[in-house]
Amino acid sequence: MWQDFVNAVSGLIQESGFANMTPLHLLMIVIACVFLYLAIAKEYEPLLLVPISFGMLAANLPLGELMHPHLWDANPIDYGAILQQGGLFDLLYLGVKLGIYPPLIFLGIGVMTDFGPLISNPKSLLLGAAAQFGIFGTYLGAMALGKFTEKQAASIAIIGGADGPTAIWLTTKLAPELLGPIALAAYSYMALVPVIQPPIMKALTTKKEREIVMEQLRPVSKTEKILFPIVVTILTVLIIPSAAPLIAMLMLGNLFRESGVVGRLSETAENALINIITIFLGLTVGATASADKLSQPGFGLQALLIIVLGLIAFSVGTAAGVLFGKIMNWFSGGKVNPLIGSAGVSAVPMAARVSQKVGQEANPENFLLMHAMGPNVAGVIGSAIAAGVLLYMVG
Amino acid sequence: MDLRTLNIVLVGMVVLYVVLTLLIFCIKIYSAIISKFSNRKNNSDNNGNPGKEVVETTSVNSNSTNHGLSPELIAVITAAIAASMGGSGTGLKVRSIKRIGHTTPIWNVAGRSEYILTRL
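Chains P and V supply the protein sequences, listed in that same order.
Residues 1 to 395 in the working numbering are what the first sequence spells out, letter by letter.
Residues 1 to 120 in the working numbering are what the second sequence spells out, letter by letter.
Quick caveat, the hints were computed from the structure, so don't treat them as lab data.
There may be inaccurate statements among the hints.
[To be verified] In silico DSS-like links for lysine-lysine, alpha-carbon gap of 25 Å or less:
1. V:28 with P:335
2. P:225 with V:93
3. V:41 with V:28
4. P:225 with V:41
5. V:28 with P:123
6. P:97 with P:173
7. P:173 with P:147
8. P:222 with V:36
9. P:97 with P:151
10. P:222 with V:93
11. V:98 with P:225
12. P:202 with P:123
13. P:202 with P:335
14. P:123 with P:225
15. P:42 with P:357
16. P:335 with P:151
17. P:202 with P:326
18. P:225 with V:28
19. P:222 with V:28
20. P:207 with P:335
21. P:123 with V:36
22. P:202 with P:225
23. P:357 with P:208
24. P:202 with P:357
25. P:123 with P:326
26. V:41 with P:222
27. P:326 with V:28
Treat the numbers as computed from the prediction; the structure is a model and nothing was measured.
With the sequences and hints as input, model every part of the structure.
What follows is the structure, encoded as structure tokens:
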């Protein structure tokens, strides 16, 4: 009887997660807890970082069977096996792997975005393009390091687009094995925009330039706003078909908003739908950062390099935007404040707020927010196009 | 660094600039067409109804002047009217603003102030 009791207890202990815990599991759990702390106590992008870090935590608890990385590492992927043997996170991850969640998030972003400042001053699209230098500059850097394949370098470079869903979308297509670190780097740097950007903006501009007060934007009619998503979709998708999922859904969302006749759809897309997708996306992206991955040779170094390259991508994008803003300022005869260029890196609306804040520090009567929103939303379109180009060229 | 990498970077940036420049032209062209069309419509409306205002007008009270009202207060009141009427607010004219006397019982006013103070 006593022996049976001991056997039962020892069997339970051996089959528990504790007995199967490795140092790598423990390390991942600690990392997940650090991210949870940053999300909850420091409020760094909590809407995304809480599900991402909790996904990482739950997936790294041994024997939980929520996620099976080996099923996703198979080449080609056996979707039948995933449906039969997969855990909860495996099934939810299908939406990431099949490229469904990021475009749906773009639908919600489209509803929330006012392209009015961009339509009012279309030249700000050029600032949105300039900030994408960060993407291509980092691609060059990643390739020069020689530690990454072409596809991995392209996925890392897209962090410079400062657009989480775009980064996830491109990475699942090109280098899904790096999804965890790339998503974490992208969202962490987006949260750090107010810390990363101001020193670069101040270093590249004079006080006189930062003080420039821009002319008020002209009012935009409703017809112009309704036509905008239709024109952008037709033109962009015809030229770069690979960017269609992101651009089409972004513009559909915006058409919902501007048409004013589908209030219920707009409301669903910008609230319930985007929140549901954010939960699924965050949880499963976090779950891909598993201890098994960390044990693969060279992965730790790659993850570290991704963090460094992501920061470079962000900084180069900011610098390129500001420098192009200076060029536009010279050409316009001193009418463009170069600070709005940094908002071209996307990260809506945080980057535009940073332009406003830095501008107001130089001149308290300066209101750059609406001027910066033009390049800011142009950056969303720019990074989606850049992702489409990279997918076409590298994929 | 090989030529293919440089080629990807070059093509990527060129395509990005070409697409966005085309977008700029498209936006400018359709904005110009729309503004021309709406101007023509406004002109024809004016010709058809010479005595009628083309723009939306809201007169709070036609007997007042703006003495004692700061430009900020006028801007706030105009913005509030534009917001409550919906639309872009383009063409809205506030011709006069007049302070009207209390028509609410004093107890209601006191209750309202107390309620507002609890929310501050």
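Consistency of the hints with the structure:
no. : hint             : in the structure
1   : V:28 with P:335  : holds, 19 Å
2   : P:225 with V:93  : holds, 23 Å
3   : V:41 with V:28   : holds, 20 Å
4   : P:225 with V:41  : holds, 19 Å
5   : V:28 with P:123  : holds, 10 Å
6   : P:97 with P:173  : holds, 8 Å
7   : P:173 with P:147 : holds, 19 Å
8   : P:222 with V:36  : holds, 15 Å
9   : P:97 with P:151  : holds, 16 Å
10  : P:222 with V:93  : holds, 19 Å
11  : V:98 with P:225  : violated, 36 Å
12  : P:202 with P:123 : holds, 23 Å
13  : P:202 with P:335 : holds, 18 Å
14  : P:123 with P:225 : holds, 16 Å
15  : P:42 with P:357  : holds, 20 Å
16  : P:335 with P:151 : violated, 41 Å
17  : P:202 with P:326 : holds, 12 Å
18  : P:225 with V:28  : holds, 13 Å
19  : P:222 with V:28  : holds, 15 Å
20  : P:207 with P:335 : holds, 15 Å
21  : P:123 with V:36  : holds, 21 Å
22  : P:202 with P:225 : violated, 34 Å
23  : P:357 with P:208 : holds, 16 Å
24  : P:202 with P:357 : holds, 12 Å
25  : P:123 with P:326 : holds, 14 Å
26  : V:41 with P:222  : holds, 16 Å
27  : P:326 with V:28  : holds, 23 Å
The structure does not agree with the numbered hints 11, 16 and 22 stated previously, though it agrees with the rest.
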